[in-house]
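Peer 1: If you want the building blocks of each chain, they are given just below.
There are 2 protein chains.
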Amino acid sequence: MFTINENYGKLPGSYLFSNIAKKVNAYTAAYPDADIIRLGIGDVTRPLAPSVIKAMHEAVDEMGNAATFHGYGPEQGYDFLKEKIVAYDFAPRGVKLDLDEVFVSDGAKSDCGNIGDILGLDNVVAVCDPVYPVYVDTNAMAGRAGNYGSDERWDRLIYMPCTAENQFTPDLPQGKVPDVIYLCYPNNPTGAMITYEGLKKWVDYANEHGSLILYDSAYVAFISEDKPHSIYEIDGAKKCAIEFRSFSKTAGFTGTRCAYTVVPKELQCGGVSLNALWLRRQTTKFNGVPYIVQKGAAAIYSEQGQKEIRETIDYYRNNAKTIREGLTAAGFTVYGGVNAPYIWMKTPDNMTSWEFFDTLLHKAQVVGTPGSGFGPSGEGYFRLTAFGTYENTVRAIERIKQVF
Amino acid sequence: MFTINENYGKLPGSYLFSNIAKKVNAYTAAYPDADIIRLGIGDVTRPLAPSVIKAMHEAVDEMGNAATFHGYGPEQGYDFLKEKIVAYDFAPRGVKLDLDEVFVSDGAKSDCGNIGDILGLDNVVAVCDPVYPVYVDTNAMAGRAGNYGSDERWDRLIYMPCTAENQFTPDLPQGKVPDVIYLCYPNNPTGAMITYEGLKKWVDYANEHGSLILYDSAYVAFISEDKPHSIYEIDGAKKCAIEFRSFSKTAGFTGTRCAYTVVPKELQCGGVSLNALWLRRQTTKFNGVPYIVQKGAAAIYSEQGQKEIRETIDYYRNNAKTIREGLTAAGFTVYGGVNAPYIWMKTPDNMTSWEFFDTLLHKAQVVGTPGSGFGPSGEGYFRLTAFGTYENTVRAIERIKQVF
Chain Z
1 MFTINENYGK
11 LPGSYLFSNI
21 AKKVNAYTAA
31 YPDADIIRLG
41 IGDVTRPLAP
51 SVIKAMHEAV
61 DEMGNAATFH
71 GYGPEQGYDF
81 LKEKIVAYDF
91 APRGVKLDLD
101 EVFVSDGAKS
111 DCGNIGDILG
121 LDNVVAVCDP
131 VYPVYVDTNA
141 MAGRAGNYGS
151 DERWDRLIYM
161 PCTAENQFTP
171 DLPQGKVPDV
181 IYLCYPNNPT
191 GAMITYEGLK
201 KWVDYANEHG
211 SLILYDSAYV
221 AFISEDKPHS
231 IYEIDGAKKC
241 AIEFRSFSKT
251 AGFTGTRCAY
261 TVVPKELQCG
271 GVSLNALWLR
281 RQTTKFNGVP
291 YIVQKGAAAI
301 YSEQGQKEIR
311 ETIDYYRNNA
321 KTIREGLTAA
331 GFTVYGGVNA
341 PYIWMKTPDN
351 MTSWEFFDTL
361 LHKAQVVGTP
371 GSGFGPSGEG
381 YFRLTAFGTY
391 ENTVRAIERI
401 KQVF
Chain E
1 MFTINENYGK
11 LPGSYLFSNI
21 AKKVNAYTAA
31 YPDADIIRLG
41 IGDVTRPLAP
51 SVIKAMHEAV
61 DEMGNAATFH
71 GYGPEQGYDF
81 LKEKIVAYDF
91 APRGVKLDLD
101 EVFVSDGAKS
111 DCGNIGDILG
121 LDNVVAVCDP
131 VYPVYVDTNA
141 MAGRAGNYGS
151 DERWDRLIYM
161 PCTAENQFTP
171 DLPQGKVPDV
181 IYLCYPNNPT
191 GAMITYEGLK
201 KWVDYANEHG
211 SLILYDSAYV
221 AFISEDKPHS
231 IYEIDGAKKC
241 AIEFRSFSKT
251 AGFTGTRCAY
261 TVVPKELQCG
271 GVSLNALWLR
281 RQTTKFNGVP
291 YIVQKGAAAI
301 YSEQGQKEIR
311 ETIDYYRNNA
321 KTIREGLTAA
331 GFTVYGGVNA
341 PYIWMKTPDN
351 MTSWEFFDTL
361 LHKAQVVGTP
371 GSGFGPSGEG
381 YFRLTAFGTY
391 ENTVRAIERI
401 KQVF
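Residue numbers (full-length UniProt numbering), protein chains in the order written: chain Z, 1 to 404; chain E, 1 to 404.
The reader is advised that the hints may include incorrect statements.
Note: identical chains are not told apart, hence a pair may lie in one copy or across any two.
[Claimed, not checked] In silico BS3-like cross-links for lysine-lysine, where the CA-CA straight-line distance does not exceed 25 Å: (1) Lys227 - Lys96; (2) Lys23 - Lys176; (3) Lys227 - Lys239; (4) Lys96 - Lys401; (5) Lys200 - Lys321; (6) Lys22 - Lys239; (7) Lys265 - Lys22; (8) Lys265 - Lys10; (9) Lys321 - Lys84; (10) Lys10 - Lys176.
What the hints contain is simulated information worked out from the structure, not anything from laboratory work.
Just chain Z, with the same shape it has in the complex (with noise of 0.2 Å):
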């Protein structure tokens, strides 16, 4: 009798998005005709830019014809993809990539969920509360996070709390060593970035203690100051951390699917590299990103294609700002939304975050996602997304303001 992995059985189900349409649905059906402003879901609205448009359009037709007509490509993608991804993401920065550090994917949730393959079942995990919940699923899926208790917490997993007390930047464990550290900057939920400073700490840290560090900069374009862009500018980084980007939120391709994710030759555990074993999963396990899809995510690496995402990343960078100034301005304690497309507020009058999503729903017709859907510390915040339309975002905060 064949059986099946029974660390799915342990997953509490995943309740936070269906919770919300669920909440959604049934407001619209007793108010049909209300105007609701969706400012949850981390989705992005503007189209593709032209460039990438045109790109794509010169792929299909390449596609059409048998001369130019691409079949199977590397596992790890093309190197016209990864020569830009070097030459553009990562020199600037002063960080200097072989092109085979670099492995193309469909996406830096795929990533983020299968770099477990390569990983022991034994090592001890330690996420950041809130947090992005793929990071723990997945690994609670592999049998990592040990049981989930009645506190709501995984009972292998080390919690490091993020909170406005620590500029939701976690401190350094103090007692058990975690073997393998996500970290997420700009982050996700909660919108903070971490200073070149704070990031050394962890580089030293890892290499320190052995630890391995999985750092997720899928929301690198938004960053505005003066803070890494890349966790390889901190000296040291190559022997313990993977680092995973995306141009879903860089570029738009939340529905284009591409993404890549660094793997140093550096890194090593025990002799064996994790470049190797990395490319050896990709190449048994997937197949590639789509030809034309490679050429899209080429082409934002051209001038024209450049100022182009710029200019939508500039647009929602000033939905952010809308948010963020509109919000303090009518009294509310907010956070994020400089580096990254995300605001935390704190709630008003210790409402938890459930509470405070109903008020906002049926008083001001707005949707947003409750913070403890992130994690226990996430109770008493609520995450904003700067991803709708300028319009409505001005309109939901004129809403907010007239009710509180």
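On the provided structure of chain Z, position chain E as indicated by the hints.
Peer 2: The following block gives chain E in isolation, referenced to the frame of chain Z:
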């Protein structure tokens, strides 16, 4: 100190196609003017169908316009594609599927590898010999294969020999009962096809013993005889089987990336639905296939699209016929090629697979794949593919005839 997945260290190295490349490179270095014909790797060469090209151009334009832009789609695929799959690939064969039993993905290779995520590590796995290496390698990576011995076998896998004597369809296991059984029809690499009766034996066996069948029908488009296209044409299969399909060979999507996996809701293990587990896996570790690609895949189901992809399949089929009949006329013993794009030939004069490879390269400048690369029982066989151009296929056969 973090640890890696030690199972990767047991993998013997994936030398088949790199060894082929090395030998071909050495030959071309010595004979720069050699006109080499490649019938080795199973990659298509014909362009995408005009209907697909048209649909993808339209979808690219949608992505460039805010009003029609698509961000995150459902991880398991858009209904517009799943409706076509259910209506065209299954309903005409008498198989009724609900939309939520179909999971669109970026490749059958990904799904065949990732499906292991939802299965217990203690399952005993049976594979055909010879076999598509991904089934073996992904189980080895998860630890289910045990250790690799000097006999070139993993000690926890059950190998089911597929030979001319059993028409390359394995006999039911007589000893230890496998928990998970991989079957692939039309078969890669042997080109064999299974009968309704033959497949019914496996479904009955699986239901009787509580085994799970992982059924790979990536080459279904090449079936020309009255044979099962889906395992669900067999009564009871929904209780014991997962089926993998792909647009790679059906519609030339090897570089465009789209596939799907069927997990029937009737398929349970101890009351747990595998459909629910796979949904959880995909929503947690995957973000769906590009909207543009799904639009392209859906276009093959239009009347015109069906006509176009059939023409391409017929082109490859004619290549297969050319190889099969040409080699047979030349006195070779040849299998496959009737319901599959692969021709599986017995090497002449008791040559080993690699000896025949070398001879063919040096004397005929034709590249194929040594059968021994697919497993011990592939020794003495050789795989040729029908995916080349017609002109090259004819020339390759002429050359082989002249040499032998």
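Peer 1: For each hint, tell me whether it holds in the structure or not.
Peer 2: Comparing the hints with the structure gives:
Taking CA atoms no more than 25 Å apart as the test, Lys227 paired with Lys96 passes inside one copy only; the shortest distance there is 18 Å, against 55 Å between copies. For the identical chains of this complex, Lys23 and Lys176 are neighbours neither inside a copy (40 Å) nor across copies (52 Å), given an alpha-carbon limit of 25 Å. In the homo-oligomer, the alpha carbons of Lys227 and Lys239 lie at most 25 Å apart inside one protomer (21 Å), although the nearest pairing across protomers, at 55 Å, exceeds that limit. Taking the shortest Cα distances, Lys96 and Lys401 never come within 25 Å of each other, neither inside one copy (48 Å) nor across copies (53 Å).
Taking the closest pair of Cα atoms, Lys200 and Lys321 never come within 25 Å of each other, the shortest separation being 29 Å inside a single copy and 64 Å across copies. In this assembly of identical chains, Lys22 and Lys239 lie within 25 Å of each other by CA distance neither inside one copy nor across copies; the values are 46 Å within and 32 Å between. Proximity of Lys265 to Lys22 under the C-alpha cut-off of 25 Å is restricted to the inter-copy arrangement: shortest distance 24 Å between copies versus 47 Å within a copy. Proximity of Lys265 to Lys10 under the C-alpha cut-off of 25 Å is restricted to the inter-copy arrangement: shortest distance 20 Å between copies versus 36 Å within a copy.
For the identical chains of this complex, Lys321 and Lys84 are neighbours neither inside a copy (31 Å) nor across copies (44 Å), given an alpha-carbon limit of 25 Å. For a Cα distance limit of 25 Å, the shortest separation of Lys10 from Lys176 inside one copy, 24 Å, qualifies, whereas the shortest one across copies, 31 Å, does not.
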